[in-house]
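Student: So you can see what is in the structure, the chains are spelled out below.
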Amino acid sequence: MASKRKKKVAAKEAVTTVVVMRLYIAGRAPNSVKAIANLEAICRQHLKDSYKLEIVDVCEHPRRALDDGILVTPSLAKLSPTPGAHVIGNLSDTHSVLAALGVHLAPAT
Amino acid sequence: MIDAPGLNAPPLAPDKAAAAFKAWMRRLVTDTAELAAFDAGEIDAVMDRETVSALMMPEAQTALHDSSRIVLSAFDALPGEVCVLDAKGIVVLTSRAWRVSGAAHARAGLDVRAGENIFDACTDAPENERVHATAVAAGLREILSGTQQSLRVRYACPSRRARRVFTLTMAATSAQGAVNVLLSREWHSEPKLLGKIDGGTAGKAPEIAACVGAENRLLAALPAKDYAQLASGLESMSLTHGETLCEPGEPVRHVYFPNDCLVSLLTVVESDRALEVGLVGREGMIGASLALGVTRSSVRALVQGTGTAMKMDAKRFLREFRRSQALQRVLLQFTDSLMVQISQTAACNRFHLVEARLARSLLMTAERMRSAEFRLTHEFLAAMLGVRRVGVTVAAVALQSRGFIRYSRGNITIVDRQGLETACCPCYRYLRVTNGETG
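Going down the list, the sequences are from chains P and B.
Those letters in the first sequence? Residues 1 to 109, per my numbering, in order.
Those letters in the second sequence? Residues 110 to 548, per my numbering, in order.
What the hints contain is simulated information worked out from the structure, not anything from laboratory work.
Careful: at least some of the hints might be erroneous.
[Stated by the list, open to error] Among chain B residues calculated to face chain P with C-beta under 10 Å, some are:
| no. | residue |
| --- | --- |
| 1 | A146 |
| 2 | M156 |
| 3 | A169 |
| 4 | S210 |
On a predicted model such as this, the values are computed, not experimentally measured, just so you know.
For every residue, glycine included, the Cβ atom is placed at its ideal position computed from N, Cα and C.
Chain P extracted, bound-state conformation:
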């Protein structure tokens, strides 16, 4: 069964958009472990509570990965809001992950 990690949106921040993501990983392989850690750090720092993340292990659910058009893992798919986007690899490049997720950093003052 695919593991799910969900965070609820704070009620008072009704205008905040929830980013829905799915991360495809391959068991406890090193890049997959790194990808989970990197993504969780990014979410904690930049998305606070406004995200939903589902982690799919392709070793346990290969059919699902193929049906979703996933060829290599780790692979992060942004499902919502549109447009969708993909980031391949261990997600160590925070900027490209944030760009794909549509999160724009405020310029340094």
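Given chain P, put chain B in place with the hints provided.
Tutor: Here is chain B on its own, set in the frame of chain P:
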């Protein structure tokens, strides 16, 4: 050398083959971003459409192999004696301490090794260990069927030369949907006890072994020397729900030390009306009035929860009681706590609501049975609480509607123990404190 199949296997693929495999995998990847990640070494697996499977990169395979080797080495180096079984009871893994200790004890007492089946070892156990081996096999079946999450069994291996007793803790673990069992073995050193027993009564080995495995707290509190004196007079037996051990006014012929059964002490008001005044499990005994010089029972002792107990002839018990100061001390302490329980129950029956009293009774029963599930009929509960059956129904429905228990045809399951404690009268906490059962 680690005792696990496949652990010392050679690396999965030589470099050349790995490079060729990687080159072949690269052809499956067509997208530019995917190729860039592939070449940067950030890919763990590539999906193969034909076989509908994930093909692991050689580097990922090596890393996984290394990490499992680290985990297995760490397991092997654990200071405790541990062993992992698969769902069929076959040993998958043992720690070094398990194997070393097994060798040191001449492989006594279910010292199974990787690849062996523990159920076979239980069946093949020597005659004088059979009682314990059967208990272990039954416990393992309960864990594998999901009835229990963990169990402890005290196991004795009688021998003329040395005392070999250990506690085997069995706990369920689950990996990828399959249930495994983690066994942990802890040896106890009580050299004098078994030496004495084995030397004198070689022909009675199975019964003696059962005595050694007794879980009754009063017996466990005795020093080894005093227990050894008592042990040859103890007989292990099963007590079943509804069985009467003694009636008011009748002479006490036997005393009973419950292991995992539960006995209710009832005061009989009229021939057909009785009220529970005390509850005795493994923390006590039936027939303690003998210690006060009273040879006739004042209560009816009715078995409420089926289980095992150690039985002893009353005359023999009195002889041992006069001889052993330790036994006198232990029994007087128990008599005192029983009197506290009886007097508190009397006050509770008078002042507290049926629902709170029912909650208290259920918690006390669960503690003594060491199970959150047990059987208590309406008639029995009515006698315990001194109310009519309809009163029991109302109270049980109220506790069930609050989500604390499940009650169906006499089968009771405590679903929310903490919640049930909040529904109890203060007597429960008081009795726990006075009987030293807290924590």
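Student: Now tell me, hint by hint, if it's right for this structure.
Tutor: Status of the hints after comparison with the structure:
{"no.": "1", "hint": "A146", "in the structure": "holds (4 Å)"}
{"no.": "2", "hint": "M156", "in the structure": "holds (5 Å)"}
{"no.": "3", "hint": "A169", "in the structure": "holds (4 Å)"}
{"no.": "4", "hint": "S210", "in the structure": "violated (32 Å)"}
Of the numbered hints given earlier, the model fails hint 4 alone.
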